[in-house]
Amino acid sequence: MANFDIETADGRREALRRMVTIRAFDEEAGNRFADGEIPGFVHLYIGEEAVGVGTCASLDSDDYIASTHRGHGHCIAKGLDPKYMMAELYGKAEGYCNGKGGSMHIADVDAGMLGANGIVGAGPPMATGAALSIDYQDRDQVAVGFLGDGAVAQGQVHEAINLASTWDLPAIFVVENNHYGEGTPVEKQHNLENLSDTAQAYDIPGVTVDGMDITAVAEAVAEARERARAGDGPTMVEAQTYRYRGHYEGDEEPYRDDEEVERWREQDPIESFKDRLIERGELTQEEFDDLRAEIEASIDDAVEYAQETDYPELSAAYEDMFVEQPPELERFANVARTDGGANGGDHR
Amino acid sequence: MTAQAELEQETETMTVREAIRQGLREELERDEDVYVMGEDVGLFGGVLEVTSGLYEEFGEERVRDTPISEAGFMGAATGAAATGTRPVVELMFSDFMGVSMEQIMNQMAKMHYMFGGKAELPVTVRTTEGGGMGAASQHSGTVHTWIAHFPGLKAVAPGTAASAKGLTKAAIRSDDPVFVFENKMIYEQSGEVPTDEDYTVPLGEAAVEREGEDVTVVATQRLVGESLGVADSLEGDVSVEVIDPRSLYPLDTDTIVESVEKTGRLVVADESPLSYGTHAEIIARVQEEAFFSLDAPIQRVGTPDTHMPFSPPLEQEVLPGDDDVRAAIERIA
Ligand SMILES: Cc1ncc(C[n+]2csc(CCOP(=O)(O)OP(=O)(O)O)c2C)c(N)n1
Numbered sequence: 001m002a003n004f005d006i007e008t009a010d011g012r013r014e015a016l017r018r019m020v021t022i023r024a025f026d027e028e029a030g031n032r033f034a035d036g037e038i039p040g041f042v043h044l045y046i047g048e049e050a051v052g053v054g055t056c057a058s059l060d061s062d063d064y065i066a067s068t069h070r071g072h073g074h075c076i077a078k079g080l081d082p083k084y085m086m087a088e089l090y091g092k093a094e095g096y097c098n099g100k101g102g103s104m105h106i107a108d109v110d111a112g113m114l115g116a117n118g119i120v121g122a123g124p125p126m127a128t129g130a131a132l133s134i135d136y137q138d139r140d141q142v143a144v145g146f147l148g149d150g151a152v153a154q155g156q157v158h159e160a161i162n163l164a165s166t167w168d169l170p171a172i173f174v175v176e177n178n179h180y181g182e183g184t185p186v187e188k189q190h191n192l193e194n195l196s197d198t199a200q201a202y203d204i205p206g207v208t209v210d211g212m213d214i215t216a217v218a219e220a221v222a223e224a225r226e227r228a229r230a231g232d233g234p235t236m237v238e239a240q241t242y243r244y245r246g247h248y249e250g251d252e253e254p255y256r257d258d259e260e261v262e263r264w265r266e267q268d269p270i271e272s273f274k275d276r277l278i279e280r281g282e283l284t285q286e287e288f289d290d291l292r293a294e295i296e297a298s299i300d301d302a303v304e305y306a307q308e309t310d311y312p313e314l315s316a317a318y319e320d321m322f323v324e325q326p327p328e329l330e331r332f333a334n335v336a337r338t339d340g341g342a343n344g345g346d347h348r
Numbered sequence: 001m002t003a004q005a006e007l008e009q010e011t012e013t014m015t016v017r018e019a020i021r022q023g024l025r026e027e028l029e030r031d032e033d034v035y036v037m038g039e040d041v042g043l044f045g046g047v048l049e050v051t052s053g054l055y056e057e058f059g060e061e062r063v064r065d066t067p068i069s070e071a072g073f074m075g076a077a078t079g080a081a082a083t084g085t086r087p088v089v090e091l092m093f094s095d096f097m098g099v100s101m102e103q104i105m106n107q108m109a110k111m112h113y114m115f116g117g118k119a120e121l122p123v124t125v126r127t128t129e130g131g132g133m134g135a136a137s138q139h140s141g142t143v144h145t146w147i148a149h150f151p152g153l154k155a156v157a158p159g160t161a162a163s164a165k166g167l168t169k170a171a172i173r174s175d176d177p178v179f180v181f182e183n184k185m186i187y188e189q190s191g192e193v194p195t196d197e198d199y200t201v202p203l204g205e206a207a208v209e210r211e212g213e214d215v216t217v218v219a220t221q222r223l224v225g226e227s228l229g230v231a232d233s234l235e236g237d238v239s240v241e242v243i244d245p246r247s248l249y250p251l252d253t254d255t256i257v258e259s260v261e262k263t264g265r266l267v268v269a270d271e272s273p274l275s276y277g278t279h280a281e282i283i284a285r286v287q288e289e290a291f292f293s294l295d296a297p298i299q300r301v302g303t304p305d306t307h308m309p310f311s312p313p314l315e316q317e318v319l320p321g322d323d324d325v326r327a328a329i330e331r332i333a
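Chain order of the listed sequences is A and B. In terms of my numbering, the first sequence is residues 1 to 348. In terms of my numbering, the second sequence is residues 1 to 333.
Any given hint could be a false lead.
Restraint ranges, calculated between C-beta atoms of paired labels, are given here [as the list claims (entries may be wrong)]: (1) 323(A) - 151(B): 31 to 37 Å; (2) 229(A) - 56(B): 29 to 35 Å; (3) 325(A) - 8(B): 48 to 54 Å; (4) 235(B) - 158(A): 57 to 63 Å; (5) 313(B) - 194(A): 44 to 50 Å; (6) 151(B) - 311(A): 51 to 57 Å; (7) 258(A) - 61(B): 26 to 32 Å; (8) 59(B) - 34(A): 56 to 62 Å; (9) 59(B) - 281(A): 56 to 62 Å.
Read the hints as simulated data drawn from the structure, not as lab findings. In this text, all values refer to a predicted model and were calculated from it rather than measured experimentally. The C-beta atom is built at its ideal place from N, Cα and C for all residues, glycine as well.
Given only the sequences and the hints, what does the whole structure look like? Please build it.
What follows is the structure in structure tokens.
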């Protein structure tokens with residue numbers, strides 16, 4: 001069963017909803033970070049919504065994705081609940097990772113979401129691994145590894161794609177070329193016009209599509225998925241896109257000018273898709289405004305939930321290291337909490 | 001040498017970040033063969049802003065941005081060092097050492113030895129460590145034990161602004177691979193820093209940051225400052241000596257042993273995980289050389305064997321701090 005089928009009017013509306021949800025979520029995450037409510041780093045997906053949603057539109061709900069440090073959009077595209085995502089951003093016990101992961105590490109394996117990832121290039125090997133399980137157990141699924149243009153330079157990415165190709169695994173590698181790796185433009189990291197040209201080295205198809213156009217992304221991924229399920233191995237899809245915000249919140253962006261950002265904003269993936277739906281008579285501007293208002297309200301609820309729900313118990317800091325917990329942890333934890341002399345004892 | 005003696009030179013107050021930057025700038029000026037490379041060290045100025053301004057000053061050849069290819073540039077730096085230049089690599093977060101470990105452990109560490117001493121490897125790797133920023137476990141690791149453990153690599157970890165500058169410069173001038181572990185929570189901490197362009201902290205020389213009679217605290221990085229604060233607050237009750245080893249490998253065993261011979265009590269405070277680590281090495285050396293001087297069990301302060309959690313209260317829970325140092329002192333004093 002598809003998550004939502006962009007070939008149908010309902011599916012298209014769902015796609016629009018998810019894109020708007022990502023934007024609203026990330027705008028609010030940015031505001032809450034600026035207010036000092038969210039610790040750590042926050043990397044927003046604003047501007048890139050068509051890539052995550054277009055990809056997930058062509059996946060079934062039990063397909064896997066492995067994400068990047070810019071993972072909020074992938075989570076929402078895959079169907080994760082903004083409420084528990086926001087709680088995770090706040091470090092609360094009700095968050096997807098019980099407050100242990102934060103923005104960069106949101107995961108929900110049951111939902112097929114193998115984790116955002118703080119390590120650039122670490123997602124593709126996870127996707128190759130998921131595809132290996134699928135292939136090994138003859139399951140009818142695929143696995144998508146998302147990666148940035150910067151991540152294409154990582155050694156482990158090369159190894160992962162080569163492995164998936166050699167073993168004909170049902171994997172898809174979606175390169176989100178947003179033109180920057182932190183503050184370094186893609187031209188300073190690669191000597192290629194199209195990053196999808198790297199696919200040639202693995203003898204797999206590589207296509208470059210307009211990542212501001214959700215249908216272009218969805219079509220390319222749908223085709224890749226057909227190949228994968230037919231046992232023909234992986235595909236690389238490069239989506240040319242752009243992030244409107246800095247690399248992370250607080251980035252002063254000395255590496256680019258406002259004009260460039262403005263140029264990309266003119267091709268906004270949400271605006272253009274909405275306009276197309278209106279043209280086709282599937283949506284009115286009023287309906288869209290209502291939809292957005294409804295979504296923004298739900299994000300406000302998510303923030304409120306995140307603010308009000310509790311932090312984890314302190315003992316959680318020592319839990320989940322292993323399935324069978326060794327005694328050292330308890331011992332050290334007692335010393336760390338300075339409530340007992342487990343280490344050294346009462347020798348006096 | 002005591003930290004005091006070093007500061008009898010002419011000094012200026014600056015942050016740890018500025019001290020490192022000044023050290024880099026001086027070495028870039030002093031030696032044409034020195035250059036800085038890493039992710040976003042150039043135009044962007046480094047994610048933790050240590051290199052900011054250097055790109056404008058020295059140009060993109062000498063402050064060069066790399067792709068996000070740690071194994072690639074760590075290996076390239078090794079090859080470059082073996083062939084006549086002196087690269088200074090910035091590895092954004094020490095956690096990313098994982099992706100470049102092959103080049104570090106099998107190439108950089110072994111080359112001088114396996115080539116029969118016929119290659120010199122004047123490579124410096126600067127990297128950040130530690131929790132406290134809510135950055136979760138893939139950006140908060142304290143891994144200096146790994147490097148200190150590999151024969152062939154040197155590891156230093158400054159706890160003050162002065163030693164941050166002095167160690168950075170000594171590392172760059174060294175003909176061996178040296179890793180400089182910068183705790184990111186002390187970049188804003190300021191202190192007196194010698195301005196002499198030839199001021200360096202010799203690798204393998206500890207600093208007695210505070211003299212005391214009853215308990216020796218060997219503390220590293222952020223915990224140096226925290227331990228000094230605890231020592232001050234216990235003044236009158238317990239006289240605490242605080243030693244910053246500064247250099248983890250080579251380690252100045254003599255200074256530590258001498259201190260323990262005087263105080264008879266030892267606390268080792270280091271942010272790395274407790275098991276099989278930096279603490280164990282320091283303690284082993286003290287047991288070997290000063291066992292009969294000990295009047296009480298040695299205490300360790302560190303991160304329990306868990307990962308740095310994201311959630312702020314959990315992070316504070318596992319992150320060793322002044323309260324842990326105080327509790328450790330109180331258990332034995
Ligand atoms: C192994 C590793 N190296 C460096 C980093 C620091 N870092 C985080 S995101 C990033 C840029 C990634 O660029 P890209 O892959 O293009 O993704 P984008 O940020 O553009 O989405 C870098 C260098 C990291 N997290 N992991």
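Structure-based check of all given hints:
no. : hint                        : in the structure
1   : 323(A) - 151(B): 31 to 37 Å : 35 Å, holds
2   : 229(A) - 56(B): 29 to 35 Å  : 53 Å, violated
3   : 325(A) - 8(B): 48 to 54 Å   : 52 Å, holds
4   : 235(B) - 158(A): 57 to 63 Å : 58 Å, holds
5   : 313(B) - 194(A): 44 to 50 Å : 47 Å, holds
6   : 151(B) - 311(A): 51 to 57 Å : 43 Å, violated
7   : 258(A) - 61(B): 26 to 32 Å  : 29 Å, holds
8   : 59(B) - 34(A): 56 to 62 Å   : 35 Å, violated
9   : 59(B) - 281(A): 56 to 62 Å  : 58 Å, holds
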